[in-house]
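One line per chain: the protein sequences are A and B, in this order. Sequential numbering from 127 applies to the first sequence in my numbering. Sequential numbering from -4 applies to the second sequence in my numbering.
Hints are computed from structural coordinates only; laboratory data are not their basis. Using N, Cα and C, we set each Cβ at its ideal position, and we do this for glycine too. A portion of the hints provided could be inaccurate.
[Said to hold, decoys possible] Each computed DSS-like pair below joins lysine-lysine, with the alpha-carbon atoms no more than 25 Å apart:
{"hint": "1", "chain 1": "B", "residue 1": "Lys43", "chain 2": "A", "residue 2": "Lys512"}
{"hint": "2", "chain 1": "B", "residue 1": "Lys13", "chain 2": "A", "residue 2": "Lys542"}
{"hint": "3", "chain 1": "A", "residue 1": "Lys247", "chain 2": "A", "residue 2": "Lys378"}
{"hint": "4", "chain 1": "A", "residue 1": "Lys402", "chain 2": "A", "residue 2": "Lys323"}
[As the list claims (entries may be wrong)] Simulated DEER-style distance windows between Cβ atoms:
{"hint": "5", "chain 1": "B", "residue 1": "Gln95", "chain 2": "A", "residue 2": "Ala379", "range": "53 to 63 Å"}
{"hint": "6", "chain 1": "B", "residue 1": "Thr119", "chain 2": "A", "residue 2": "Glu209", "range": "33 to 43 Å"}
{"hint": "7", "chain 1": "A", "residue 1": "Ala331", "chain 2": "B", "residue 2": "Gly18", "range": "20 to 30 Å"}
{"hint": "8", "chain 1": "A", "residue 1": "Ala468", "chain 2": "B", "residue 2": "Thr119", "range": "27 to 37 Å"}
{"hint": "9", "chain 1": "A", "residue 1": "Asp401", "chain 2": "B", "residue 2": "Thr119", "range": "46 to 56 Å"}
{"hint": "10", "chain 1": "A", "residue 1": "Gly252", "chain 2": "B", "residue 2": "Thr119", "range": "54 to 64 Å"}
{"hint": "11", "chain 1": "A", "residue 1": "Ile203", "chain 2": "B", "residue 2": "Thr119", "range": "35 to 45 Å"}
Letter by letter, the chains look like this.
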Amino acid sequence: MSASRSALIARPKSVFDVERIRADFPILTLSPGGKPLVYLDNAASSQMPQQVIDRLVRYQTTQHANIHRAVHTLSEIATAEYEEARRKLARFINAREEREVIFTSGTTEAINLAMHGYGRKFIGAGDEIILTTLEHHSNIVPWQMLAEEKGARIRVAPINDAGELSMGEYEKLFNEHTKLVGVAHVSNALGSVNPIKQMIAFARARGVPALVDGAQAVPHMKVDVQDLDCDFYAFSGHKMCGPTGIGVLYGKAALLERMQPFKGGGDMILSVTFDKTTYNVIPQKFEAGTPPIAAAIGLGAAVDYLSTVGMDAIAGHERDLLEYATEQLARMPGVRIIGTAAEKAAVLSFALDGVHPHDVGTLLNQDGIAVRTGHHCAQPVMQRYKVPATSRASFALYNTMAEVDALVAGIRNVQKLFS
Amino acid sequence: MSDPKSLYQEVILDHNRKPRNYGALTQASHKAEGHNPLCGDHLSVALKLEGERIAAIAFQGESCAICKASASMMTASVKGKTLPEAETLIQEFRDMATGQIDVDKQAHHLGRLTVFAGVRDLPTRVKCAILPWHTLHAAVHSVADISTESENDPMHAPIGDA
Chain A
127 MSASRSALIA
137 RPKSVFDVER
147 IRADFPILTL
157 SPGGKPLVYL
167 DNAASSQMPQ
177 QVIDRLVRYQ
187 TTQHANIHRA
197 VHTLSEIATA
207 EYEEARRKLA
217 RFINAREERE
227 VIFTSGTTEA
237 INLAMHGYGR
247 KFIGAGDEII
257 LTTLEHHSNI
267 VPWQMLAEEK
277 GARIRVAPIN
287 DAGELSMGEY
297 EKLFNEHTKL
307 VGVAHVSNAL
317 GSVNPIKQMI
327 AFARARGVPA
337 LVDGAQAVPH
347 MKVDVQDLDC
357 DFYAFSGHKM
367 CGPTGIGVLY
377 GKAALLERMQ
387 PFKGGGDMIL
397 SVTFDKTTYN
407 VIPQKFEAGT
417 PPIAAAIGLG
427 AAVDYLSTVG
437 MDAIAGHERD
447 LLEYATEQLA
457 RMPGVRIIGT
467 AAEKAAVLSF
477 ALDGVHPHDV
487 GTLLNQDGIA
497 VRTGHHCAQP
507 VMQRYKVPAT
517 SRASFALYNT
527 MAEVDALVAG
537 IRNVQKLFS
Chain B
-4 MSDPKSLYQE
6 VILDHNRKPR
16 NYGALTQASH
26 KAEGHNPLCG
36 DHLSVALKLE
46 GERIAAIAFQ
56 GESCAICKAS
66 ASMMTASVKG
76 KTLPEAETLI
86 QEFRDMATGQ
96 IDVDKQAHHL
106 GRLTVFAGVR
116 DLPTRVKCAI
126 LPWHTLHAAV
136 HSVADISTES
146 ENDPMHAPIG
156 DA
């Protein structure tokens, strides 16, 4: 303990007031398993600040009606708030236009939308889709379904032992059949931050659109879709202090306009007869049915919250957490950190010699420490490292150095039990 | 038994460290593979039947401590038993792990296997404890392989979230 405390004191004093941030998150004061919660499963889902909870309550209490439909006042208010949320999201990722933000149920649906709307229309037999070893299943399986349906082919950009993509290997996969690149901005299993700007530039120079799975990036760093010049960017609300059931597919307007609808129904049409249906313009073309209005407005509030704290400040704080946690775990005998890319987000996957990750997870939970154990929906990554699963601690803006110390102490307890 | 910490008792840790009947079995008459796609647990159980009696049994594989200790203690428990006796243990173990029977209050034949009773309070770990027993059941009935997720099509197994 004394070593970690001195390490803390030696660090430059940050202006980031984590205790003030923690006070915004009511769940962090609980002890769900009888021990004070140390929540290190943020890559799976983050917690929600009171500001977002209050916004959801205010919407349901005073503003709810269906949107884009009735002429009555409540419906107009709900519609305005929903569209205001879209504006906030567009500003947050620096989209050129609001209509480039499509609300979806999450990253998975966003990628499926791109697959159905773009892939099924523009990708055919003999065409190739480039993915990477690092992808989450949600950026693998939809493309496999497409490949199977159309007779297209998936090609996979490999990673090195550190968990880094090689631009050279990636570039070699391109040929005249390449029709799409799908790549994670940040690996959920390893934390690697991929060189997506170069990857996108290389693809676009060859006329190949690029889809970025940003689920693990948007909550943790400033994302500028115009600077990245990606064609699609997908992310989830519940990993960025917002509600579940809401996410975004950003797409360049020209591309979205050329795409076919994903789901058919109300709100996505201009006119319907049994002879012919005319589709609505974007973004409504892709938002059939009544959307999760409250969740979208809640996500707007989450974006306000993150913006107030500041994405650069959050990234800096999480970088400090990752650096400290990596230092601590790296010096523990019997602990192997999996994923040591030079550019990493605050995700720490690890393996303990002689202890299965599920035993690690159960025992850490007994100390109140919530980590994820398993394959993280990234089985190709597990296969790459020849492990069945890992334990993963993933940090967010409200985590503290003391929680890193708790993790280290918890790991020591596990090792003691299994020694 | 309600404290999940009690699950990691010395007897379980000991069987994890030094599993009994671990390895291949020459001249096995029945065998089966078991796997849990959720956590990657994978083991095989082989046994040699002489009439109705389990004359020899062995297991091997990669798994968490709960699964390995369960397999180790299972092989020790059923060795020398008749098939109906083994079937009773399989049923009782499954009922204990899923909380269908209370081993403190109801009659059973589980003996030391009751150290696994605490797993019923850890829903995500129940499958780890039961997998060896499912696999034994499959081996006895010569089902080629078994998965904890495969009541029907293993492709439809839940594979967890992010």
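Status of the hints after comparison with the structure:
Under the criterion of a C-alpha separation no larger than 25 Å, the hint pairing lysine 43 (chain B) with lysine 512 (chain A) is inconsistent with the structure, at around 33 Å. Under the criterion of a C-alpha separation no larger than 25 Å, the hint pairing lysine 13 (chain B) with lysine 542 (chain A) is consistent with the structure, at around 17 Å. A C-alpha spacing of about 16 Å is found between lysine 247 (chain A) and lysine 378 (chain A), which places the hinted pair at or below 25 Å, so the restraint holds. Annotation: proposed proximity of lysine 402 (chain A) to lysine 323 (chain A) is violated, straight-line Cα distance about 42 Å (limit 25 Å).
One distance hint, 53 to 63 Å for the beta-carbon pair glutamine 95 (chain B) and alanine 379 (chain A), holds here, with the actual separation near 58 Å. Distance hint for threonine 119 (chain B) and glutamate 209 (chain A): a CB-CB separation of about 41 Å, consistent with the stated range 33 to 43 Å. A hinted range of 20 to 30 Å for the beta carbons of alanine 331 (chain A) and glycine 18 (chain B) is inconsistent with their spacing of about 57 Å. A beta carbon spacing of about 34 Å between alanine 468 (chain A) and threonine 119 (chain B) agrees with the range 27 to 37 Å that was offered as a hint.
At roughly 53 Å, the beta carbons of aspartate 401 (chain A) and threonine 119 (chain B) sit within the given window of 46 to 56 Å. Remark: the range hint 54 to 64 Å for glycine 252 (chain A) to threonine 119 (chain B) is contradicted by a beta-carbon distance near 44 Å. Between isoleucine 203 (chain A) and threonine 119 (chain B), the C-beta spacing of about 43 Å keeps the proposed range 35 to 45 Å intact.
This entry does not satisfy hints 1, 4, 7 and 10, going by the numbered hints stated previously.
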